[in-house]
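From first to last, the protein sequence lines stand for chains A and B.
The working numbering puts the first residue of the first sequence at 1, with every later residue one more than the last.
The working numbering puts the first residue of the second sequence at 1, with every later residue one more than the last.
Honestly, I wouldn't trust all of these hints.
Taking lysine-lysine and the DSS-like style, the derived pairs with C-alpha atoms no more than 25 Å apart in a straight line are [as the list claims (entries may be wrong)]: (1) Lys-73/B to Lys-30/B; (2) Lys-244/B to Lys-20/A; (3) Lys-20/A to Lys-202/B; (4) Lys-30/B to Lys-20/A; (5) Lys-187/A to Lys-96/A; (6) Lys-67/B to Lys-112/B; (7) Lys-73/B to Lys-112/B; (8) Lys-202/B to Lys-244/B; (9) Lys-156/A to Lys-96/A; (10) Lys-202/B to Lys-253/B; (11) Lys-20/A to Lys-253/B; (12) Lys-116/B to Lys-67/B.
Here are some of the chain A residues that sit facing chain B, going by a computed Cβ distance under 8 Å [to be verified]: (13) Gly-98; (14) Ser-105; (15) Thr-109; (16) Ile-260.
I should point out that these hints are in silico values taken from the structure, not numbers from a laboratory.
Since the structure is predicted, the reported quantities are computational estimates derived from the model, not experimental observations.
Beta carbons: idealized from backbone N, C-alpha and C, even for Gly.
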Amino acid sequence: MGISPLTYTPWSGTRMGRLKNVLRIVFEEAKIRVTVWSLIIILITYLLVYINAFYQAVRPAPIEKYGYVSTIGNLYLYMMLLSAYLAFNIISRDLKNGSIILYLSRPITRIEYIVSKFLAVCFHLSLITIVPLLLVYIIDIASLPQSSKFITEASKLLLPLIGSALLMVILFGSVTIMLSSLTKDGKWASAGVFGVFLIGGFIAEIVGSALNNNYAYLFYLWNSVIIVVINMFGMRISPRSPPWYHLPWYYGLSIIIGAIVLSFSVVYWRFLRREGIVA
Amino acid sequence: MTDDIILANDLSKWYGEIIALNRFSASIGKGVTGVVGPNGSGKSTFFKIIMGLVRQSSGTIRVAGEKPWNNPKLRKILGYVPERDIFFPWMTGEEFLVKSARLSGMQTNDAKKKAKELLEIVGLAEDGGRRIYGYSRGMKQRLKIAQALIHEPEIVIMDEPMSGADPVARRKIMDIVHQIDASGRCVVISSHILYEIERMTKNVILIYRGWAVAQGRVEDIRALMNMYPHRIRVVCSNARDVAKELIGMNWVKRVGVERDNELIVETSMPNEFYTNFPKFCVECGVHVDEIRSLDDNLEAVFNYLISRRLNYAAGGERE
């Protein structure tokens with residue numbers, strides 16, 4: 001057997017365009033990630049969400065009270081855990097085992113690579129947020145009295161639910177991609193996720209409390225998310241909620257957009273300005 | 001496409017304060033071209049620039065007439081065997097090849113068909129179903145070659161493909177290179193082990209500390225060397241006395257006694273030497289057991305040109 005033209009059968013298949021390139025990588029990533037462990041994590045998360053849904057469903061008229069703030073809060077936690085898992089190996093793994101070179105030596109641009117990885121992270125995060133969130137919503141609707149008042153109230157919740165989930169998916173996705181692209185050692189990327197979303201939040205809370213400054217609380221990304229959810233998407237909250245929850249929505253949105261832009265800027269710099277990624 | 005498929009002109013690449021390529025110029029056409037140089041001489045950097053993985057700091061490079069940096073269109077016709085591993089170790093060899101083909105834009109069915117074909121070609125047909133982490137070094141090298149060929153590139157860049165491979169794998173890899181060459185493709189292959197390159201091609205670029213010390217066919221480089229001292233080992237009786245006589249000849253530049261029966265003669269006129277030395281031996285009654293040019297292999301050419309280049313760079317006189 002040899003590589004002479006006689007034995008090396010010419011390939012006559014078609015090559016696909018950029019969008020399909022991206023979708024192909026996302027699909028490949030989805031396949032790789034859905035391992036036994038990730039399935040177990042997803043199942044546990046679904047279970048927790050179902051318990052939460054059950055808890056909500058048995059409460060008297062939950063939708064008419066404070067909506068799904070606690071559910072969104074839980075999802076923030078789940079998303080952080082899944083992001084830490086994804087950051088560990090979405091790009092860090094490629095840097096560590098050299099497969100980044102496999103991607104970049106193919107007809108794939110660096111932008112396509114980054115976008116694909118970002119969409120792959122978003123796909124997994126959505127699997128753990130938007131889908132269970134909608135399930136909770138459907139279970140709640142099915143379990144409560146079917147009055148016209150209830151249906152009106154319930155329909156008002158759809159935008160906050162989907163909006164907040166999408167916002168968090170994009171936020172967590174971009175930060176995850178950034179942290180994962182910064183190191184070959186996945187555990188540092190995972191630690192970075194907790195650093196940004198949890199420890200950074202504690203610091204913001206401490207600073208806000210010490211300075212008695214509501215704006216400092218915005219740097220806890222959860223606060224920014226919830227400010228947008230409450231003041232932009234119109235989710236109702238308890239009157240006893242902290243005063244910074246009533247800051248204008250565009251403050252929170254600015255912080256979130258800033259975090260997303262900063263994340264992509266770092267990734268851009270890492271891939272297109274710094275060549276050390278393959279050196 | 002012109003005869004020069006890869007054309008580098010005054011290419012320099014800096015990594016911070018470290019210079020990897022220093023005004024490197026070379027032109028590469030069809031067939032197999034060897035890039036030879038010691039570790040750290042800039043071979044891999046040159047290949048990464050060809051592949052568009054890193055960008056040159058200055059100078060120009062064209063691959064098939066195109067700038068390679070971040071040029072996905074060009075990478076459709078490029079195949080790359082990197083020095084380091086690029087595997088997903090948990091995959092089987094076949095899965096890895098299918099993924100590589102898919103990333104090159106092939107449909108799944110085409111990819112599977114091609115993967116099987118390539119596994120056969122590189123001699124891994126029986127191991128295609130095994131996980132890559134269980135592969136030997138030689139098997140991994142062959143799998144890297146397979147992934148580089150799976151999308152049928154016109155130009156194949158191979159960075160140290162025989163590094164760490166056992167003798168059987170080396171032979172197989174050489175065989176594959178000859179077959180790629182026979183298929184009319186352009187192959188650029190690097191090694192720091194000179195005899196390996198010599199067995200695959202006579203067309204070489206010698207690189208050292210980022211400089212292209214010499215380029216061309218080994219014979220051309222050899223002819224170039226005739227302008228400079230030529231070293232010849234002479235095994236004969238009574239070497240010290242012969243040396244005394246030889247030093248007086250105008251076709252001998254320098255003589256060194258290595259052992260009692262061995263001389264190293266340096267001459268700037270090798271043709272004169274080979275014409276006159278037999279007469280000299282007859283006249284002086286010298287019995288010669290062996291005459292061998294020390295510069296006939298690539299290693300000698302390489303060492304010689306590097307030392308000449310270093311002397312020149314250090315401001316020393318050209319010999």
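Against the structure, the hints come out as follows:
With a CA separation close to 20 Å, the supplied pair Lys-73/B and Lys-30/B stays within the 25 Å bound. At roughly 78 Å between alpha-carbon atoms, Lys-244/B and Lys-20/A are farther apart than 25 Å, so this suggested pair is violated. Among the hinted pairs, Lys-20/A with Lys-202/B is inconsistent with the structure: their alpha-carbon atoms are about 43 Å apart, more than 25 Å. Between the alpha carbons of Lys-30/B and Lys-20/A the distance comes to roughly 33 Å, so the proposed pair goes past 25 Å and is violated.
Between Lys-187/A and Lys-96/A the alpha-carbon distance is near 12 Å, which keeps this suggested pair within the 25 Å criterion. Our distance criterion of 25 Å between C-alpha atoms is broken by Lys-67/B and Lys-112/B, whose separation comes to about 32 Å. Our distance criterion of 25 Å between C-alpha atoms is met by Lys-73/B and Lys-112/B, whose separation comes to about 23 Å. In summary, the hint linking Lys-202/B to Lys-244/B is not supported, as the alpha carbons are separated by about 38 Å, beyond the 25 Å threshold.
At roughly 47 Å between alpha-carbon atoms, Lys-156/A and Lys-96/A are farther apart than 25 Å, so this suggested pair is violated. With a CA separation close to 29 Å, the supplied pair Lys-202/B and Lys-253/B exceeds the 25 Å bound. For the hint linking Lys-20/A to Lys-253/B, the alpha-carbon distance of about 68 Å lies beyond 25 Å, and the restraint is violated. Straight-line distance between C-alpha atoms of Lys-116/B and Lys-67/B comes to about 33 Å, which puts the hinted pair past the 25 Å bound.
Because the closest C-beta pair between Gly-98/A and chain B is about 4 Å apart, less than 8 Å, the hint holds. Below 8 Å, beta-carbon pairs count as interface contacts, and Ser-105/A has one with chain B at about 4 Å; its hint therefore holds. Below 8 Å, beta-carbon pairs count as interface contacts, and Thr-109/A has one with chain B at about 5 Å; its hint therefore holds. A least Cβ separation of about 24 Å between Ile-260/A and chain B goes past the 8 Å threshold, and the interface hint is therefore violated.
Violated hints, in rising order: 2, 3, 4, 6, 8, 9, 10, 11, 12, 16; the structure is consistent with all others.
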